[in-house]
Amino acid sequence: MTQDERLDREPDVHTWTGRARVWMLKKLPPDKLLPEDQPSYVASWIYVFGMGAIGSLLIVIASGVILSLNGPNWYHISALGHFVNSLHLWSVELMFLTMVVHLWGKFWMASWRGGRALTWITGVGSFAVSIVAAFTGYLLQTNFDSQWIAFEGKDALNASGIGAWFNVSNLGQMFMWHVTLLPLAVGAIVVLHVVLVRMRGVVPPIDAAATDSQLTGVPATATEPTEAKVN
Amino acid sequence: MNTLLLAMGDSPGIYLGWGVFTIQLGNLIIILTMLALFGLALVLPFPGSGGRK
Amino acid sequence: MKGKVDPMSARAVGIAGTPWRGKLREYDLFKELTVGVSVMVVLTVILALVLGSPDEPSVTLKSWANAQTADFAATATAELGGTSETAQYGPPYTNTKGATQTIGALDLQSLSGVQLPVNTANAFVLDPLATLPNQPTEIATWRAATKAEQAKWTDTYATALSKAPKSAPLNVKSGNYGPVPALIGDLTAMAQSGALDGVIQAQGNAYNLNYTNEILFLGDGQYFQNLAADQHLTGDQWGMMNETGGTPGQSWLWLFSFFYQIPPFSTAPNADLLVVGVMLILTLLLALVPFIPWLRRIPKWIPVHRLVWKDYYRKR
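Residue numbers (this note's numbering), protein chains in the order written: chain L, 1 to 231; chain R, 1 to 53; chain W, 1 to 316.
The hints are simulated quantities; they were obtained by calculation from the structure and are not laboratory data. There's no promise every hint is true.
Listed below are the simulated DSS-like cross-link pairs for lysine-lysine, each with C-alpha atoms no more than 30 angstroms apart in a straight line [claimed, not checked]:
1. 32/L x 152/W
2. 4/W x 300/W
3. 310/W x 32/L
Take a look, some chain L residues computed to stay more than 10 angstroms from chain W by CB distance [claimed, not checked]:
4. 17
5. 19
6. 20
7. 22
8. 26
9. 58
10. 68
11. 71
12. 88
13. 185
14. 187
15. 191
From the three backbone atoms N, C-alpha and C, an ideal C-beta is built for every residue, glycine too.
Okay, chain L solo, but in the shape it has when bound:
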C-alpha cells in the first residue's frame, strides 16, 4: 500500500485541521521533506551552491539579529560592533555569490521542467527581494555611503512614482523595511522555494530516457523499496 492510498483511507477526517494534515502529508510526506537518498544523477558540485546560499542567509540573519540588539550606531563606536557589521556585509556578499552561481546552474539544467515552474519563479523572486533587502541595508550604514545612495537612489524611485512611499532618505522607514518587512519577505519566499524543491524533487537530466541504464538497470529486488520511497 502506498502512502497516498494510506492517506486516502485515513478514517474520520472531517475537520479543517485533519484535512489540512492529510493534504500536507500527501503533498510533502516526511521522507520527501527529509530525504535520505537522491536520484543517481544528483552528483555534481553545482548542487552545493543552493545550500551555500541558505547557509549564508542564516549568517546574514544571525549577524543582523546581533546588530539589532544594539542599534545602528553601535558599529561606528565599538570594535566588536564593527566586526559584526563586517560579518553581516561579507555574509551578504557570499549569499549573492552562491545564489548567482546556483541560478546559473539551474538555468543551464533547465530546472523548471516537469512541473517545476513555480520553483524557478520563487527562486528568481528570492533573488529580486534580496536585492531590495540589501539596498535598504546600504541605506542603514548611517555613513557617507548611505547618504550618497539615498541621494542618488531617489531619482529612479521618484521617476517610477513610488519615491514618496518608499523614501530612501527617511531612515526610520528604511529601518523598518530592512529589519522587519524585507527579512520576512526573503524568509517566506526562500522557505516556499525550498519546500517546492522537496515536493517536486530534483529535475532529471535533459533528454533522460526510459531506456537509460540508470532507469532500467535497477535489479528487481532493489526496485521495490525504491518505489515505496519515491512515492
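Given chain L's structure and the hints, the job is docking chains R and W onto it.
Same frame as chain L, but now just chains R and W:
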C-alpha cells in the same frame, strides 16, 4: 594573490576601465570568483558519484 | 491536447514530470546543511577579520560650509532663489512644470503628486534663520519684496558670487542684491557652527528619523557630488555597484548600472524611468523563462548540462 585580496579591504579603491566599462577591483574579484566557481563546479568530479547500488 | 509537448517547457510530462524510479544514491540533507553552514561561517569570519567593512564618516552641512564656504554660499543662494535642483525637481517635492520623467503619456511622477513638498527658500534658508536668537531683519525685507525683486536679487548675487575671486562671499563686489548677502552670510555662519544641521534635521520635533531635507540640500551642492565622484559612486561611474574604498559593493546591480552608461539611456532626460522599465521587463522575462519557448530552449542548444550530468550521460 594576497595583495589582490587585500585590495578588497577598507583601502582606497582601485578602478579598472575599458572604454565605457569601469569596474572596481573588489567587484571584479567577486565576479571572477563566481565564474571560476561555476566552471570548477562543472568540471571537477564529484566525490562518491559512483552511486549507491 | 494536440501536438507534441516541448520537453523544455514546465509541463509535467515525461521522466521530468514523474517521480524518479531509477537508481538512487545516498544523501544526507542535515549533513549537507551542517557542512554548508560551517563552510560559510568559516569563510565569512575569515573575510570579516581580514577585510573588515568600510565606514566613511558622513558629511554634514557644518563640514560642507567649513570645507567649501563658496560652494555652500552659492548653493544656499540657489535654494533661496528657487533655482536649485531640488527647487525645480518636480514631484514628489515641487510642482515644477515639465520636470517629470515621462515615456509618451506615461507620467508616473506626476501621478504620484507632490507628496513631500519642499519649499527650498523657506525650509533651507528663511525658517532656519528665523530660529536665530537675533533674527536678521533682512528676513522681513525679503518677505516684503515681490517675486520679481527676489529673483533679480538672487540672480545678480549668484552671478557676482561666481565672478568673485575664489567665488568667496567676502570678495563679492558691492551691488544691488537686496537682503541676499546678509541672509546667505548669516546662514553660512549658522551652518559653520553646526546649528543649521540641527534645525534642518529636527524640523521642530525632538525625534526625527527623516533626513530628506538634509540630503536634498547636500545634493544640490558641488561638495557632496565631488566627494562621491572621488569615490567612484556617481551614476555615470558605475557608482551604483560601488562601495567606498576597495570593498566590493552591490555587484549584483551590474546590469542596472550598465544601462546608465550607454546610449540612449546615458543621454536621455528620462533615463531613470527607461532603465527601471527595462530592468522590470528583464526581471519578468527571467522569472517567466519556463514559458518562453526560445528562452527555455537555450540550455538545450548550448549543452552545459552535459557537464553537470556527465556521470549520468557516461553511464547511459
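Could you work out which earlier hints the structure fails to respect and list their numbers in ascending sequence? Hint check: 1, 9, 12 fail, others pass.
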